[in-house]
Amino acid sequence: MNPSTPQQTLTLPVIQPKPITNENFERWGQVVRLPDADPNAVQVNQGTAQKFSHLAKFTNLRPAATDSANPNPTLATAEANIAIFKCYKPVQDPQFQIKLLERHSYSSQMFMPMGGDGNGSYVVVTAENGPDDKPVLETLQAFRCNNTLGINYKPNVWHHPMIVVEKPVQFMTITYESGVGLEDCEEYWFTKEAGGVQGGAAALINLV
0 MNPSTPQQTL TLPVIQPKPI TNENFERWGQ VVRLPDADPN AVQVNQGTAQ
50 KFSHLAKFTN LRPAATDSAN PNPTLATAEA NIAIFKCYKP VQDPQFQIKL
100 LERHSYSSQM FMPMGGDGNG SYVVVTAENG PDDKPVLETL QAFRCNNTLG
150 INYKPNVWHH PMIVVEKPVQ FMTITYESGV GLEDCEEYWF TKEAGGVQGG
200 AAALINLV
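Numbering (the working numbering), first residue to last: 0 to 207.
Among the hints, a few may not be true.
[Claimed, not checked] For lysine-lysine, the following DSS-like pairs were computed, each having C-alpha atoms within a straight-line distance of at most 25 Å:
no. : residue 1 : residue 2
1   : K166      : K56
2   : K17       : K98
3   : K98       : K166
4   : K17       : K88
5   : K85       : K166
6   : K17       : K56
7   : K17       : K133
8   : K98       : K88
9   : K85       : K98
10  : K166      : K88
[Unchecked claim] With beta-carbon atoms standing in for the labels, derived distance ranges:
no. : residue 1 : residue 2 : range
11  : M171      : K98       : 23 to 31 Å
12  : T10       : F51       : 39 to 47 Å
13  : Q49       : Y187      : 37 to 45 Å
14  : A36       : E137      : 37 to 45 Å
15  : C184      : P12       : 21 to 29 Å
Simulated from the structure, these hints should not be mistaken for lab results. Computed from a predicted structure; not experimentally measured. Heads up, the beta-carbon is just placed ideally off N, CA and C, and yes, glycines get one too.
Given only the sequences and the hints, what does the whole structure look like? Please build it.
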């Protein structure tokens, strides 16, 4: 069934993305952007560039292999994985179905567009964790980001995989990964019992 049909529009909550800001995204992580003014910026590269430091807080909650006080010795150690996500297929529909969320329990995850010119955008979707350790459907939020902005999720934040609109975007990403599936990335698929309807969709995100 098409996600924009009247039947599903009436059944599912519809969320309008808001422009992302440092303030409204703070509970989920940080917006990675060039500051308008930074008194701590320094001149580098023989005076040909400025360096803006500590734009996001990147966290690895796994203990080091040499930590003798490790409270969870079964938890695998992790290395930072610097990867590129090539989001080559922008969403063309006016609404997008949310069928799943994911989280990285032990690591931040940063997405930084490469070569962003400000003429494309992507949508970030987040939700709170509930007392049953699952995402709370009623807390879904959506944020619109132009392709000059990056975002950095805190560990354990439920979020949807990147939703690219208008034009393809390549993201450089950094995540601490151990190679142990559920420790690296946990997915939660909405079902009818969990608030989803036909096809498992739990909400619609407006993209126009």
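Here is what the structure says about each hint:
About 29 Å separates the Cα atoms of K166 and K56, which puts this hinted pair outside 25 Å; it is violated. A threshold of 25 Å between alpha carbons decides the hint, and for K17 with K98 the separation of about 20 Å falls inside it, so the pair holds. For the hint linking K98 to K166, the alpha-carbon distance of about 23 Å falls within 25 Å, and the restraint holds. The hinted pair formed by K17 and K88 meets the criterion: a straight-line CA distance of about 22 Å does not exceed 25 Å.
For the given pair, K85 sits about 12 Å from K166 by alpha-carbon distance, which is consistent with the 25 Å threshold. For a cut-off of 25 Å, the pair hint linking K17 to K56 stands: about 23 Å separates their Cα positions. Under the criterion of a C-alpha separation no larger than 25 Å, the hint pairing K17 with K133 is consistent with the structure, at around 24 Å. Between K98 and K88 the CA atoms are separated by roughly 18 Å; this keeps the pair inside 25 Å, and the hint holds.
Restraint check for K85 and K98: the C-alpha separation of about 21 Å stays at or below 25 Å, so the hint holds. Our distance criterion of 25 Å between C-alpha atoms is met by K166 and K88, whose separation comes to about 8 Å. Under the hint 23 to 31 Å, the C-beta atoms of M171 and K98, about 26 Å apart, fit the expected range. For the hinted restraint 39 to 47 Å between T10 and F51, the CB-CB distance of approximately 46 Å keeps it satisfied.
Here the CB-CB span from Q49 to Y187 is close to 41 Å, well matched to the stated 37 to 45 Å. The hint said 37 to 45 Å for the Cβ distance between A36 and E137, and at roughly 38 Å that hint holds. Checking the proposed 21 to 29 Å range against C184 and P12 shows it holds: the Cβ atoms sit about 25 Å from each other.
Of the hints listed earlier, the one the structure fails to meet is number 1.
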